[in-house]
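Chemist: With the hints as a guide, bring the two chains together.
Line by line, the protein sequences are chains B and L. When we follow our numbering, the leftmost residue of the first sequence carries the number 129, and every step to the right adds one. When we follow our numbering, the leftmost residue of the second sequence carries the number 193, and every step to the right adds one.
Worth flagging that the hints you see were computed from the coordinates, not collected in a lab. Treat each hint with caution, since some may be false.
Straight-line C-alpha distance at most 30 Å; calculated DSS-like pairs for lysine-lysine [said to hold, decoys possible]:
id, chain 1, residue 1, chain 2, residue 2
1, L, K201, B, K267
2, B, K223, L, K294
3, B, K402, B, K267
4, L, K600, L, K588
5, B, K267, L, K600
6, B, K167, B, K247
7, B, K223, L, K588
8, B, K402, B, K342
9, L, K588, B, K167
10, B, K223, L, K756
11, L, K201, L, K294
12, B, K167, B, K223
13, L, K756, L, K804
14, B, K342, B, K267
15, B, K247, B, K223
Derived list of chain L stretches under chain B, where covered just means 3 residues or more per stretch with a C-beta under 8 Å from a C-beta of chain B [to be verified]:
id, stretch
16, 274-286
17, 295-303
18, 726-740
19, 775-788
Think of the CB as a built atom: it goes at the ideal place given N, C-alpha and C, for glycine as much as any other residue.
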Amino acid sequence: MTAIPLRPPRRLVDLTLDGEPVRAPEGSTLLDACRAAGKDIPTLCQGDTLTPKNACRVCVVEVEGARTLAPACSRRVEQGMEVRTDTERARHSRKVVLELLASSTDLATTPRAAEWIEKYGAEPDRFGADAARVAEEPKVDNDLYVRDYDKCILCYKCVDACGEQWQNTFAIAVAGRGFDARISTEHDAPLTDSACVYCGNCIEVCPTGALSFKTEFDMRAAGTWDEAAQTETTTVCAYCGVGCNLTLHVQDNEIVKVTSPHDNPVTHGNLCIKGRFGYQHVQNHAQNRD
Amino acid sequence: MDLRFGDSKPTDEERAAVDALLGPPESAWEGADDRTDTDLRWARGGREARERRDLLLPGLHALNDRVGWISEGGLDYLCRRLTVPPAEGYGVATFYAMFAVKPRPATVVHVCTDLACAARGSAQVCAELERDVGPAGSAGSGAVWQPSPCLGLCERAPAALAIRAGEAPRAAVVAPATAEAVADAASAPHEAAAEPPAVAAVHQAGADGLVLLRRVGVVDPGSLDDYRAHGGYAALRRAFALGPAGVIREVTESGLVGRGGAAFPTGRKWSATAQQPDQPHYLVCNADESEPGTFKDRVLMEGDPYALVEAMTVAGYATGAHRGYLYLRGEYPRALRRLRTAIDRARARGFLGEDVMGQGFAFDIEIRRGAGAYICGEETAIFNSIEGRRGEPRSKPPFPVEKGLFGKPTAVNNVETLVNVLPILIEGAQAYARTGTGTSTGTKLFCVSGTVARPGVYELPFGATLRELLELAGPPETLRAVLLGGAAGGFVRPDELDVPLTFEGTRAAGTTLGSGVVLVLDEGVELPRILLRIAEFFRDESCGQCVPCRVGTVRQEEALHRLKDRTGAAAAGDIALLREVGQAMRDASICGLGQTAWNAVESAIDRLGAFK
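Chain L extracted, bound-state conformation (with noise of 0.2 Å):
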């Protein structure tokens, strides 16, 4: 490898940022300023520097956190740390929506206006800033805004977040947003008020039968004796107890399925990843929930943290892995804190790190945030960002049990999958799997968004119909119809709302449980306003590696414009090319994101009559 990096220098504020997180260069080769006489004699860096290139998206976080955006000194002084090339950390840059490489203000505000946002009135507070503070994009008096996918705020929609960077970067939610708060938040982010706590969310708090939810708002989130105080690490204790193999029997057996949307047996992948010969093993917990509509996660990280770390503590000692990898995608400024606090406290308590509760068994968990992309959420996209690449699904196989993260065996589980874990031990997997159906076991949490009067998460056991949950939710009085499983999900009618909320029951119903994603949607809404806002979200969030995927969700995007205002007959002709494009992405895609791009587009044409 024969690197070439430029003239640019970084600032000493740059500078000071990567030092922070790399510590101080060794030698000229490695960035410093002076070059010794020993320089002159040894290479240094190189491949021992090249092995922390995972590091690069945290470097690029650092830059990015203190100087508001990335410039070519900053990168090219990164880079030579990591002994990445420069083209190569150029192109991981400029892959992520929460990096600029191009000069702006200190201070950038994301307003979502994704699905759940759009159905309470985002447009008017785009409206609002567009008039007050200037086009989105454009800087104005230390500022900048712009719109942004899915915020996973959608219980208090819309939503905005501000983020000013700085020696102490401080970032601020403002939801439900005015543009008034929005403007206030953007000018001093460190006065803006406080959140509402997690459950906030949580309308159900108190009630019987909660599982996943039980401990939010009842535990201090920075307790870890009070996370004890309720429960705590008893399933873990019962897990040392049980040996590696007998938690993976007792998962296998309570049939707990991925609840990150693919629904794959949880046991079956926790053995296949113990039994690899090949070490180190991986566990990567997947906390980028950036499905528009979805915060199920956000809410039991915030409100019930330490029951995250134990349970990634769990799948890591079943599936002999000794670190795991927290990806949380980065627009969860406080899922971040209690993350970090809870996982910094258990370590310093022996609940983490190399002799965890005194067992022999060494485990620890590094976070890394995500920066704004959707398609990190895909099982093989987020070993990439990791590992300091784009975030671009691999093909597969082969598998990640098999080659995952750094190439080696790979557990990767959604956050609402790893808390489940916890119950089945507990409780055991016979009275866990009493719950639910016969194969969709437990409870499920479900994010209830848009049009209904009580918007947040609930846990439902398995089997309870949609309509049961509206009723919680407080449906509206004109239902037009509910958007199942997210942008790849699918819509259902207000006379098909006894579908069983099962895995297999929304199959059936012809739609999908996906990620828990209810969007309800009364008759005020424009139906081909929200399919347009679902296709240029896909059109934002393919990575572009396949052909498929990248042209066929332009023109995907593009045809929704067209018939923005059209039916019948004119219609007809694009919507015969939606099912050419749309049936090719569906087959031909590398990842999931293309594969379902489709999905709600085709199926408010089939069953809602959009554009009829």
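Just chain B, same shape as in the assembly (with noise of 0.2 Å):
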């Protein structure tokens, strides 16, 4: 079931995509008139319940009388707009970002990230194997979650998530600058340390796989993290009765990871540390008490 939000009427503006005349909503983006024209825009950084960040800019297209390329997830429709998504020049920068990103971080869990890497014909390693790489080390400083930040593309879904757009914590944001531009703690202190409230909100919205739970993390290095076997059953949380969804994610009859569905219009797709990580209950079986 999807809630469907009451909002005023909003008027409908006239363009044209790659030629054809199409007509959106007033206030809606070029991705939201490309998705509902049937294109298949590549995004990275855009996320359905945060405000768009427009930082990875692969979804970039060509905006008819525009200098440069505008990226589709925050770019609003206007009226008499002529876009061209699959011009030479939007594929070229789809191409080199994609190199850029796949040359200084590891994609590996980047869910569609090797089919656009085919599509769009990038080859990141043709900046060489001295090419400078994000390089960083897992930190493992909790039981719950591990941050992966060679992973990160630093997209800020994370930061917004954790900050006013969801969480209202502020645990996180982003330090340095430039190349050494990183998502940090307070003084780059452990979690542990920091205002982090283990929420995991933030891992709900990494589109890389950067963040992910312990178990996840665990079972990948332990080679038996197997996505094809697992099966996803969405519930409600038994734990208050705000009535959050949960979307628990089984293998082998384990629970190994909790979502929550961003089209609830409760929670969208928030959840707490308890509805996150708090599921070892359930699988308390006999076998495995002392």
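Modeler: See the structure below:
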């Protein structure tokens, strides 16, 4: 069931997408219009419940009359706009951006990255073996989740989710500048010394797997993580009366991680530490007890 | 907002530095040591404190100026006072090059290694410092030195700036610098020799035809009366007679376009800001002159500070702003001193404040110091910086005239642009527009540096040729190339010196005027090294927000490293790589920094045949 929130009616704006006339509600983004028209635009930093930061630039499209390319995820539709999504210029930028990302970070757990790299003919290896990499060791400083910034593309989604857009905890921010910029707690302290409340909402929005459940991280290291063998069951959290939806990811009859549906009108994908991580009691089987 | 602060406590010095800026804390909620009975009943601070977040950058300066670096305890205390999440405070502190979050000596010496200084021997100064004082970044005898991007002292290259933290922080400029003089300034910044007056950079001083520079060296920069005796405040009086719409009409008809590099029509910007129904309106003067090779705004601000104060008042009146922020780069200690004095005296005499010149118009100016970040000169990054956030550019639209500083309509203008408004109002738009060409009206300041006999700021009417400008400055016997427009500009060959110095003329010649940089390179220069320095600059100064710029500038620098000693076929692969990355940076970066990071390198390859 998808909830449909009530809004005042919106006017429709006329524009053309790759030469085809389309209409899109005023205020929607080019990405919304593209998706409505069935076009597959790659996106990484865009999130369905967060304000797009348009930092990754893989969704760039060509807008007639503009000097530079526009990020489809955040540019709003305008009356009479002529947009081309698959020009050589746009494809070139997407290809190079994918190359730049893949040559500096580990995209192994980024959904669809491999597909797009192939589609756009990106060759991340051509910068040579000495190309600078983010080169960070995974930060394992608590039992709930792991920060593996070697996989971080600096999309700012976790910062926004931890801060004013979702959780209002503000435990993490971007520190440093340029290639040395990293997601960091205050004074680069371990998570356990920070303001973190372990809601795990940052994991929920991370598009690359740089933030992951400790369970997933350990199973991947052991080679036992098998997404194809997992089932997903959405249920209601039993810890309190709010009624958040939980999606339990189960592999071999064990819960391996918990997510939350973003289209839930109450929680929009948010959970607290209990809903997200407090599932051990479910699998406290007799054989697991001492 | 549920903030958690660690256990680190500020030292007495750090507390005093922050309290001197913000006043003493009113309750334990704001960081007072003792909890009172009322503190247990009412939470205070919160929203009220949070609305002062724009004091974060001044607060970081206060700590850094006092101790020389920003400790955990100091930063936490400042964040508590302003209700800023400590993680964000840390993110802001680590954004700026002039701040350190690790202990370091009280004295830091910045040695410029950028284009103009490199062309005049900064490498030797660094090598000698390394020998005598120790490697860059290592603390020896109470001081540390580090290489720095352009300090804006190009006419006296090579340059260094020593800053000593303490109760009365000191800054000493050493230019031209020798290793010995730098070491002396580091050990005793208060005893350093006085800087030459600003007029030393103006070789045309006293000549006819100067408009923007006419008072530099003539007027006493500290005296409001002297400024008025030399025509000061006549423009503002005329502005009051014309009314805001009349001022905008004059500025529009004068054809004035922005001198910061983008050449946007100033009248249009002002009128768009003035028309916004949202209130209040703000004015921001962009004095974050950080383009390597640019120092014209410094000379104007040091030599004729009241002119800027008056021009900002006119701009505020025209755009309906009652507050102007003067965002000054952190590397300009003398300009800061002069402008502070000028603003204080103007306020004391009723030229700023609640009732400017008795005309019922309220306007005041606040100076904000940058802290070493080229990106903060970008028109939207400057807002984030003033607001106490990381100086990352915002995406446009919305444009500043609609949503700028604090989300309100804002006009952002460069120093030189604003100062042009004074002659426009005094002479009238028509008279002003008679100078220059049809689409580039008025005069332009050029910062000539590198291998010329008389480096400095030159003022010429638009339309003069590059050759005429170089003649004034004394060109080298064997000219290799001229970099026009700075690191984001393009190269001009010796056979192209007749290019007219106008926006349209340089564009037709495949380059740009930018902010007026004219860096002259003779045959002795190693072009690949200059290109590498440009690439290094962009890599250092990228804010890191978007991928094309954050990683692209790194890949560009790597390729230029590989190309350093290669030519011809051996270079072809990396040149192709540079073109591809450069195109993506130009097309897909969020702001002008990434979009222009490949300009100079491209023009060196295509127009100068670098690596051929």
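Chemist: Identify every previously stated hint that the structure contradicts and give their numbers, smallest first.
Modeler: 2, 5 and 17
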